[in-house]
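Asker: The primary structure of each chain is shown beneath.
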Amino acid sequence: MQHVPGADRGKVVLYALSTCGWCARTKELLTDLGVGFSYVYVDLLAGEERDRVVREVERWNPRLSFPTVVIDEAKVIVGFRKDEIREAVGA
Amino acid sequence: MPDAVNEAEVDRLLRDLEAEAEAGGYHLNPDREFTRGLVRGLLANRERYGYISCPCRLASGNREDDLDIICPCDYRDPDLADYGACYCALYVTADVESGKRAAAPVPERRPPPAERRRQKEERALVSRAPGTLNYPVWRCRVCGYLCARNEPPEICPICRVSRDRFERFM
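From first to last, the protein sequence lines are chains A and B.
One point on numbering: in the numbering used here, the residue at position 13 of the first sequence is 13, and numbering is uninterrupted.
One point on numbering: in the numbering used here, the residue at position 68 of the second sequence is 68, and numbering is uninterrupted.
Hints listed in this document are in silico derivations from the structure and should not be mistaken for laboratory results.
All values reported here derive from a predicted model rather than from experimental measurement.
Careful, some of the hints might be misleading.
Unchecked claim - Here are the in silico distance ranges between beta carbons for each label pair:
1) B:D16 <-> A:A91: 53 to 61 Å
2) B:F169 <-> A:A7: 54 to 62 Å
3) B:A124 <-> A:K82: 37 to 45 Å
Unchecked claim - List of simulated lysine to any residue pairs, SDA-like, C-alpha gap at most 20 Å:
4) B:K120 <-> A:R63
5) A:K82 <-> B:P105
6) A:K11 <-> A:R86
Stated by the list, open to error - Some residues of chain B that are not near chain A, with every Cβ distance over 12 Å (derived):
7) D16
8) D31
9) G50
10) R63
11) L67
12) D77
13) A94
14) V106
15) E115
16) A124
17) R128
18) P130
19) C143
20) E154
21) R168
Just so it is clear, CB atoms sit at the ideal spot from N, CA and C, and this is done for glycine as well.
Isolated chain B, as found in the complex (with noise of 0.2 Å):
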């Protein structure tokens, strides 16, 4: 339960998403309290599963299944463009954060469990399919950051994602 969480660290988790968020373009949501109860979320979550998914999205538990909604999720980006915050709200565009404009309720983008499937499928397809370049490109799928080489990086250079959320994109 989130009452279990050390408020100690629900400040250093807080204070390291919001410096990274700002050195990458990004904004946590200003509303202090309401973004401190997402973050006992996260911590719950890395509690329960070992990586910090979605607080309002319902995990698996099996890391795999659950990549695209470890925060920054597959969907924050254009849940941003669309709507000025993320799914859960934890993260905002810079005119929500100052007050210019109110965030929209987002709906749910992630996919029902069985096109996910369907998806993943799809991707594995185009991951072994024999290849004309010279390198493989691949692409973050947080960030949209593209690289041709043989393997995507260890750590996404612009998003800070793992690797595991690179996908073979041609």
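Next up, chain A with everything else stripped away, as it sits in the complex (with noise of 0.2 Å):
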């Protein structure tokens, strides 16, 4: 998990693939924001690490599709909804 620095608006996690241009636009966007969140790029991972990331995925986001977004364990974005990640944060 990759953290980007920036203002506190609650536990904000990215589940990311490398290879997808939305997830890339949702990345950017929050960096635009300037919101502090976490990311994940999980196509990157193996073994075991990757089955752990996938089921916290697909607990949030039952068709394990990406970008999904999770904001304070509550509140789940699913794919480059600009208006709706806008609001989730505050920004």
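Got two chains here, each in a separate frame; can you build the complex from them with the hints?
Answerer: The following block contains the structure:
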């Protein structure tokens, strides 16, 4: 899990793929909004670590699709939904 | 990582995809920078897995399990019809390409893992069922092309995907 420093808007976690254009845009948006967040490229993980993170994503989003943004372990936003993400992080 | 992909290779694959798309009546996303990013992702996946699985989906690395998400994926055509773009937005419809209409965000149409396993078993049953036809009918899961012959063609003559993308239709 990598951390991007920024304003504290709660625990913001981005599950992403390193090859995906929509994941890149989501990461860019969060960065531009100046929000502190953590992200992980699930496609670059291997073995047990990958299994563990896959199960984590499936818990929030059973379709296991990307990007998945989880805010404060409660609110889940699937896909690059700009306005929803903005609103959820209050920026 | 995408950075490791050689830019000349990106140009080459982009050119090939574009030529094939236009010849078949499909269109690549006109946002060049975005499209180049997706092509980098396709090349990264080819390097990793040996096939160009969708850059916006998590591949398993097992070709048989990933067949439906090898680009062009099984879901491209229905997503073009419903949203004007495929899931990763590499392909768009003519009206989106020309700017007459904006593409809508595409929700994931690929069934979750348990549902995919069930569908796979169902397909295996169909292919074992005794037929009353002189020939089995095969359907290309990408473009819908049908042919009645003992085996599907090596390459789909319509959309150019490989034989393993065909399913028994009747």
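Asker: Hint by hint, note whether the structure agrees.
Answerer: Evaluated hints:
{"no.": "1", "hint": "B:D16 <-> A:A91: 53 to 61 Å", "verdict": "violated, 41 Å"}
{"no.": "2", "hint": "B:F169 <-> A:A7: 54 to 62 Å", "verdict": "holds, 55 Å"}
{"no.": "3", "hint": "B:A124 <-> A:K82: 37 to 45 Å", "verdict": "holds, 42 Å"}
{"no.": "4", "hint": "B:K120 <-> A:R63", "verdict": "holds, 17 Å"}
{"no.": "5", "hint": "A:K82 <-> B:P105", "verdict": "holds, 11 Å"}
{"no.": "6", "hint": "A:K11 <-> A:R86", "verdict": "holds, 14 Å"}
{"no.": "7", "hint": "D16", "verdict": "holds, 18 Å"}
{"no.": "8", "hint": "D31", "verdict": "violated, 9 Å"}
{"no.": "9", "hint": "G50", "verdict": "holds, 15 Å"}
{"no.": "10", "hint": "R63", "verdict": "holds, 16 Å"}
{"no.": "11", "hint": "L67", "verdict": "holds, 17 Å"}
{"no.": "12", "hint": "D77", "verdict": "holds, 19 Å"}
{"no.": "13", "hint": "A94", "verdict": "holds, 21 Å"}
{"no.": "14", "hint": "V106", "verdict": "violated, 8 Å"}
{"no.": "15", "hint": "E115", "verdict": "violated, 10 Å"}
{"no.": "16", "hint": "A124", "verdict": "holds, 23 Å"}
{"no.": "17", "hint": "R128", "verdict": "holds, 30 Å"}
{"no.": "18", "hint": "P130", "verdict": "holds, 36 Å"}
{"no.": "19", "hint": "C143", "verdict": "holds, 24 Å"}
{"no.": "20", "hint": "E154", "verdict": "holds, 28 Å"}
{"no.": "21", "hint": "R168", "verdict": "holds, 27 Å"}
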